[in-house]
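Residue-level listing of the chains:
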Amino acid sequence: MEEKFIRNISIVCSVAGLALLFFVSRSIELKQTDIIQISYDDIGKNVKICGEVVSKFVSKTGHVFFKLKGETDGIDVVIFNNTAKKFNSNFDKEVCVTGTVDEYEGKLEIIAKNIQVR
Amino acid sequence: MFPEILLFTLAGVAGGTIAGLIPGVHPNTLILIIFGLLPLLVGFPPQAVVALIISMAIANTLVDFIPSVFLGCPEDDTALSILPGHRLLLEGKGLEAVFLTVVGGIGVIALFILLSPLLLKTLPFLYSNIKYYIHWILIAIVSVMIFTERGFKKLWGLLVFSLAGILGVITLNSTLLQPQFVFFPLFTGLFGIPTLLISLKDKVKFPSQVRDFGIVKKSLALIGSIKGFFAGLLVGILPGVGSAQAGTLVQIITRKEDTREFLVSLGGINTANALFAIAALYTISKARSGAAVAIERILGSFSFNDLLLLIAVSLFTVGIAAVVTLFLSKKFSTLVEKVSYNRISLSILGMLLLLTIVFTGPLGLLVLLVSTAVGLIAPLSGVKRSLCMGVIILPVIFYYLGIGL
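Top to bottom, those sequences are chains E and Z.
Residue 15 in the working numbering sits at position 15 of the first sequence, with consecutive numbering throughout.
Residue 1066 in the working numbering sits at position 66 of the second sequence, with consecutive numbering throughout.
By construction, these hints were calculated from the structure, which means they are not laboratory data.
Please read these numbers as outputs of a predicted model, since none were measured by experiment.
You may find that some hints are simply not true.
Covered stretches of chain E, as calculated for chain Z (at least 3 residues, CB under 8 Å) [claimed, not checked]: (1) 24-37; (2) 53-59; (3) 66-79; (4) 102-116.
The beta carbon of each residue, even a glycine, is placed where N, CA and C say it ideally should be.
Required output: the full structure, derived from the provided sequences and hints.
Take a look at the structure:
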């Protein structure tokens, strides 16, 4: 009886907790970082950067590649196809990108998780 | 160059040992520190710096099992070892549990060296073909896990897998927590804390521990290592597939009563994972681990000679780290016996909460609480706790199916 009670409480807490996590994850906003401040020490960290979309390219498999140009510097951004499906990829001007800093062939890049058109 | 490589390898073993003993500290954290120190290491051969990184990663895969078995503190690659490890610990055979994982690590490196000529030829072929089927393989694994539950428990199994999977999708696809720390509250909540809470509730008494490591049958060591080797192969070549998914696969093909064989396999998977990440760097030019990314960045191009050097460093590291792991497990076994089990469990609970707050802040604490609630459902409804691995299996299935959430 006691175990059943704890189990049922666990189920209620799980469902309520997942709903809370879902809403918190949707509403949480990272502080904006200047592109020039991103370094190799930030690999693996989440950042939010804003700027102008330059040289956008969509691959045959649906991955989106572009350079995000800030006021003083730029960085490559990759949106993998399964993430790109969530967004309208017709953006072509000012956007804010939230994602993880990564490195590809010696250069820093952002693996985007979210895109907001400014 | 030899003295530098030897010295750096020993330093790597020390670093990997420290990272392995502290729950929540991943070798990638130490690798980031090494990157910070790179300007100070400029005068040393890059091969020595790479030896430091690879020895740290491999030593960590062996030592990692000590907190998992003796304290019930898991990381993503040792989470599945908690139950069988804990079971042996409560039979007074904690030392044997750690020894079995060490046997797996040694067995896998022996197999790796024996089969490396064949592997170097077949890895590119395997990589280019298996990746298209990985989601189907994972779906099959999960289906078997759920359908092997008895009667009504199938529904409980489905519920546990789904809740853990949703938890993974929410936390891993968002910016809720920094990626390098997100697994700590997840796995501590799903596997670590429920084990401790149930032990506290059942007023488990810590039995006196057998002072030797036991005798491992050759057949058990061989079969466990072979399973670990092939499961590690999957992890090494496939993006998104970690030791945890590979461990789940091995758990399915291992009979429930073969606790010891499963522990050998788990020890093997972790070492195989580190070794195949090096092999993948050479054969398919893909970095499949934090250590491989670091090696790629330091060496630039990765030659056959570099591969041979790293295999030699790995072999030496496994030897040293095995001795260190067994020595430390004896110390742990004596230490935990002297203190009451309830007190140990409560102290570990406090430490896990503190580490979660330090590493991940209040949001991490929220993830920990939700994970604990999900993690409690499996043991309280009598279904396999490995179904909680849905936390990383479901996001990987979605990734390979191209479902964006």
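Checklist line | Outcome, coverage hint (the stretch 53-59 of chain E, chain Z; C-beta under 8 Å; three residues) | finding: Result for this restraint: violated, n = 0.
Item checked: Annotated coverage of the stretch 66-79 of chain E by chain Z, confirmed only when three residues or more have a Cβ within 8 Å -> Our answer is that it is violated, as 0 residues pass the Cβ test (under 8 Å) against chain Z, missing three.
Checklist line | Residues of the stretch 102-116 of chain E with Cβ under 8 Å from chain Z, three needed, outcome | finding: It holds: at least three residues are needed, and the stretch 102-116 of chain E offers 4 whose Cβ sits within less than 8 Å of chain Z.
Check: Per the coverage rule (Cβ-Cβ under 8 Å, at least three residues), is the stretch 24-37 of chain E covered by chain Z?
Finding: holds (count 5)
Violated hints for the displayed structure, listed by number in ascending order: 2, 3.
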